Amino acid sequence: MDLDKKYTPQTWPDHPEQVTMEGKNKFLGFWLFLGGETVLFASLFATYLALKNKGPSGMEFSTQTLFELPLVFVMTMILLTSSLTSVYAMYHMKNHNFKGMQLWLGITVALGLSFLALEIYEFNHYVHLGFNYSQSAFSSAFFTLVGTHGIHVVVGLVWFILLIVRNAKRGFSLYNAPKYYTASLYWHFIDVVWVFIFTVVYLMGVVG
Amino acid sequence: MSHDAQVYVKSDTEFNYIKQKRKQDMRGQITTFAIMIFLTLIAFAAVAADFSKYLIAPVILLLAAVQVVLQLYYFMHAKEKNHNVAMFFLIFGAFLAFVFILTFLTIIWWG
Amino acid sequence: MSSIAQKKGFGATLWDYLTTVDHKKIAVMYLIAGGLFFVIGGIEAMLIRIQLAKPDNDFVSAGLFNEIITMHGTTMIFLAAMPLLFAFMNAVMPLQIGARDVAFPFLNSLGFWLFLFGGVFLNLSWFMGGAPDAGWTSYASLSLASPGHGIDFYAIGLQIAGAGTYIAGINFLVTIINMRAPGMTYMRMPLMTWTTFVASALILFAFPPLTIGLFFLILDRMFGGNFFDHTMGGNTIIWEHLFWIFGHPEVYILILPAFGIFSEIFAIFARKRLFGYSSMVFATVLIGFLGFMVWAHHMFTVGLGPTANAIFAVATMAIAVPTGMKIFNWLLTIWGGSIKVTTPMLYALGFIPSFVAGGVTGVMQGAAPLDYQLHDSYFIVAHFHYVIVGGVVLAILAALHLWWPLMFNQMLSETLGKWTFWFFFIGFHLTFFIQHFLGLMGMPRRVFTFGANQGWDLFNLISSIGAIFMAIGVVILVVNIIITVVKNVPVGNDPWGDGRTLEWAIPQPVPFYNFKQTPLVRGLDTFWIEKQEGNKEGMTYAEPISDIHMPNNSFVPFVMTLGLFIAGFGALYNGEKDWAVPVLVLGLAITFASMAVRSIKDDHGYHIHKEDLMNEKGGK
Numbered sequence: 002m003d004l005d006k007k008y009t010p011q012t013w014p015d016h017p018e019q020v021t022m023e024g025k026n027k028f029l030g031f032w033l034f035l036g037g038e039t040v041l042f043a044s045l046f047a048t049y050l051a052l053k054n055k056g057p058s059g060m061e062f063s064t065q066t067l068f069e070l071p072l073v074f075v076m077t078m079i080l081l082t083s084s085l086t087s088v089y090a091m092y093h094m095k096n097h098n099f100k101g102m103q104l105w106l107g108i109t110v111a112l113g114l115s116f117l118a119l120e121i122y123e124f125n126h127y128v129h130l131g132f133n134y135s136q137s138a139f140s141s142a143f144f145t146l147v148g149t150h151g152i153h154v155v156v157g158l159v160w161f162i163l164l165i166v167r168n169a170k171r172g173f174s175l176y177n178a179p180k181y182y183t184a185s186l187y188w189h190f191i192d193v194v195w196v197f198i199f200t201v202v203y204l205m206g207v208v209g
Numbered sequence: 016m017s018h019d020a021q022v023y024v025k026s027d028t029e030f031n032y033i034k035q036k037r038k039q040d041m042r043g044q045i046t047t048f049a050i051m052i053f054l055t056l057i058a059f060a061a062v063a064a065d066f067s068k069y070l071i072a073p074v075i076l077l078l079a080a081v082q083v084v085l086q087l088y089y090f091m092h093a094k095e096k097n098h099n100v101a102m103f104f105l106i107f108g109a110f111l112a113f114v115f116i117l118t119f120l121t122i123i124w125w126g
Numbered sequence: 009m010s011s012i013a014q015k016k017g018f019g020a021t022l023w024d025y026l027t028t029v030d031h032k033k034i035a036v037m038y039l040i041a042g043g044l045f046f047v048i049g050g051i052e053a054m055l056i057r058i059q060l061a062k063p064d065n066d067f068v069s070a071g072l073f074n075e076i077i078t079m080h081g082t083t084m085i086f087l088a089a090m091p092l093l094f095a096f097m098n099a100v101m102p103l104q105i106g107a108r109d110v111a112f113p114f115l116n117s118l119g120f121w122l123f124l125f126g127g128v129f130l131n132l133s134w135f136m137g138g139a140p141d142a143g144w145t146s147y148a149s150l151s152l153a154s155p156g157h158g159i160d161f162y163a164i165g166l167q168i169a170g171a172g173t174y175i176a177g178i179n180f181l182v183t184i185i186n187m188r189a190p191g192m193t194y195m196r197m198p199l200m201t202w203t204t205f206v207a208s209a210l211i212l213f214a215f216p217p218l219t220i221g222l223f224f225l226i227l228d229r230m231f232g233g234n235f236f237d238h239t240m241g242g243n244t245i246i247w248e249h250l251f252w253i254f255g256h257p258e259v260y261i262l263i264l265p266a267f268g269i270f271s272e273i274f275a276i277f278a279r280k281r282l283f284g285y286s287s288m289v290f291a292t293v294l295i296g297f298l299g300f301m302v303w304a305h306h307m308f309t310v311g312l313g314p315t316a317n318a319i320f321a322v323a324t325m326a327i328a329v330p331t332g333m334k335i336f337n338w339l340l341t342i343w344g345g346s347i348k349v350t351t352p353m354l355y356a357l358g359f360i361p362s363f364v365a366g367g368v369t370g371v372m373q374g375a376a377p378l379d380y381q382l383h384d385s386y387f388i389v390a391h392f393h394y395v396i397v398g399g400v401v402l403a404i405l406a407a408l409h410l411w412w413p414l415m416f417n418q419m420l421s422e423t424l425g426k427w428t429f430w431f432f433f434i435g436f437h438l439t440f441f442i443q444h445f446l447g448l449m450g451m452p453r454r455v456f457t458f459g460a461n462q463g464w465d466l467f468n469l470i471s472s473i474g475a476i477f478m479a480i481g482v483v484i485l486v487v488n489i490i491i492t493v494v495k496n497v498p499v500g501n502d503p504w505g506d507g508r509t510l511e512w513a514i515p516q517p518v519p520f521y522n523f524k525q526t527p528l529v530r531g532l533d534t535f536w537i538e539k540q541e542g543n544k545e546g547m548t549y550a551e552p553i554s555d556i557h558m559p560n561n562s563f564v565p566f567v568m569t570l571g572l573f574i575a576g577f578g579a580l581y582n583g584e585k586d587w588a589v590p591v592l593v594l595g596l597a598i599t600f601a602s603m604a605v606r607s608i609k610d611d612h613g614y615h616i617h618k619e620d621l622m623n624e625k626g627g628k
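First to last, the sequence lines map onto chains A, B and C. Going by our numbering, the first sequence opens with residue 2, and the numbers climb by one from there. Going by our numbering, the second sequence opens with residue 16, and the numbers climb by one from there. Going by our numbering, the third sequence opens with residue 9, and the numbers climb by one from there.
This is chain A alone, in the form it adopts within the complex (with noise of 0.2 Å):
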């Protein structure tokens, strides 16, 4: 099979993700590494949660004093709306309409920096006012939950660029659909973790 043949939007497969062999395996396979994934998220909130507000006795953090809710509410907002526009270039590529594609990753990727750009805003206040990784067993627990997250959206974004770059003069194929399928689905899991961290951490450590 030609992987690199060419297609119209009128013979352009309805699932071009799903079509080849490749493709097929790539979707399950990913699927399930996400299910693996989630096991690994519950191991990280478990133990926050074990860990929450707990540090050498007199700390003066906890999640009530620490926490502002503006900034992540911001940090939602974009994160959500990058799930979005990543949906959008999945509804192009579909259509086989590529540039429209490319362009919504384009607004995914501003999307996706942007909301690394505030987190890391925020772990870097939390250390100036002496909330750093080694302060307490919360203090670790709550870097390392968020900060897998961050790591995870941190490889989303290299993932949709090497996409961008590299697929821009080879147009679509079977051959990379798959990839381009797989990648939006790893940041929607972003997304899907995303809203337990900002219920689980955030707002539940407001109210306390």
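Hints are computed from structural coordinates only; laboratory data are not their basis. Computed from a prediction, not measured in an experiment: that's the story for all the values here. Take these hints with a grain of salt, some might be off.
[Said to hold, decoys possible] Below, a list of computed lysine-lysine pairs in the BS3-like style, where the Cα atoms sit at most 25 Å apart:
id: 1; chain 1: A; residue 1: 7; chain 2: B; residue 2: 38
id: 2; chain 1: A; residue 1: 100; chain 2: B; residue 2: 25
id: 3; chain 1: B; residue 1: 36; chain 2: A; residue 2: 25
id: 4; chain 1: A; residue 1: 100; chain 2: C; residue 2: 609
Position chains B and C relative to chain A; hints supplied.
Showing chains B and C alone in chain A's frame:
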């Protein structure tokens, strides 16, 4: 295992139909997005309004769960066919996640 | 790339193996590497038994003894048993389901190299300031207090090897779900495939908690984290939970494939269809599920409270039910069969009583109040060696004899094979049966010596003599392998004469594309059905001969892993040596650069053309 993906040329009617259908789907996605934003707003508002924490905690957890289901089923297309096996594994993973978090919340500190 | 067989020089062969993505060659590499670690772990076991052969012995020091027991456990579980099972999964499973390769050949190779480099990293600790010494469970308070870099080698080495295992697990799952030949429904899959499937699912969900636990350990020891340090608000029990959330499923990751292997053997050599096939499948899945719900039974004495202990005790005992189903199914498979007692069958027959003994002591420990008595005694040591040696190792040795002709087109000597079995089997019971009583007499596990007045001399001596028997068995096996390889007498397909599943139908040596034409599966025990109907070719085909798509070899997995290996040293010496951070960055840069190369370069594989296939009779 066949070697060539069959190239199938859609007729104009078919092509227009599927394009139309995709547009409709996309409209659905935007609705989903609106609902997700709305749920998020409720969650943040509930916390900002300073209700009792025994009210807030279950409500925002429920909202998060709904939002995740929307994300999975609509944004990640899990409602479409072909996702049975994937969903089986994901839901089993989520079940384990629940069990692990439950034990960590109960028996880690309580003797 | 040519599909014509040709003689290659040593360099070319080496390069071929370094870059191969062929599941059969990867299987051979797993076998060799796993076998090597098995021997290393075995030598460590011998040192333990020499030290404990007589009271007040000073053959090794207390500290060195701790290092040896830690490395023995870690090596045997992570670097010997699992890779050896992976060798057979890789070699057999794709052939059993009629696939040309695994779903992700590239990742298959990556998984192997990660395991190997992780294992090498861990073992380098011996030469770089001392091995880990906190036991294979590496409980946090103990491991945080351990001086030197031993524990760091443990955490980073297992992290690398664990990533490889995780990748292999996903790969097997997708292969089984997506790549089955036409007609190979789930309920027609041979038991080896089913157990590979369930074990892989366990890997998928059990390894992430281990990853997180090791990650915490690395952060605590090397990067200023406070997860387990109670003075900073941490909690040492978190490690125990994470470790056993992984650790208990791990036991089933090992034993389920062993069950699969024995299910194949019983059916082949009783020359009867496996009794209760569907209940076997059901039991396998049930064991897999329950395996996740029982981890806290390793922690009864921690003080989780009576409620938690009761829940986990009941769940633990429940596992005996599906396991019992399996035992009875095997017995009923042999019942009335036309039994041929070959070497693999000997192992299978020896397995049943040995494993039942291990299972029964397991249920004893599942009773939480009794566990308070047995905990941390030699009874525990006896128990888990009965399940792991009596179950997993016997299965690995059986599989080695059973599938050697499939993997190498040669037969291991049956005579020497039986000698190996008897030495190993008698030695095994001699070593471990008596340890139950040592435990009941109060001998704690992990002690480096004992006093002459404690009354444990004789039993320990007997145990050590048993270990020598086992060692002799392994030596005979090695001799057997060397003789067989040197003689190199080809045996063709189905050398046992009674093969039932697809892997025996393929011409030998197995062509690198496995199946010239994808087979059509018409029922359970595919090959058996074809033989019964007098089909000389052994297969019905699902398609005409046509071009076959194959993946390209790649050197990238090796480089990717090498990067992580280098980064591991950077992390290890973080905060101690000036070069640590640059090395960490360099290593990660190599890994990420090779990942980028992999994703940027087009890699479409190649085709074997129909014309070439027509002229070929097999060969590599």
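Is it true that the CA of residue 100 (chain A) sits at most 25 Å from the CA of residue 25 (chain B)? holds, 22 Å
For a C-alpha distance cap of 25 Å, please report whether residue 7 (chain A) and residue 38 (chain B) respect it. holds, 24 Å
With the threshold set at 25 Å, check whether the alpha-carbon distance from residue 100 (chain A) to residue 609 (chain C) stays at or below it. Given that 25 Å is the threshold and the Cα spacing comes to 21 Å, the pair holds.
Hinted pair residue 36 (chain B) and residue 25 (chain A), Cα distance within 25 Å: holds, 24 Å
Hint violations for this structure: none, all hints satisfied.
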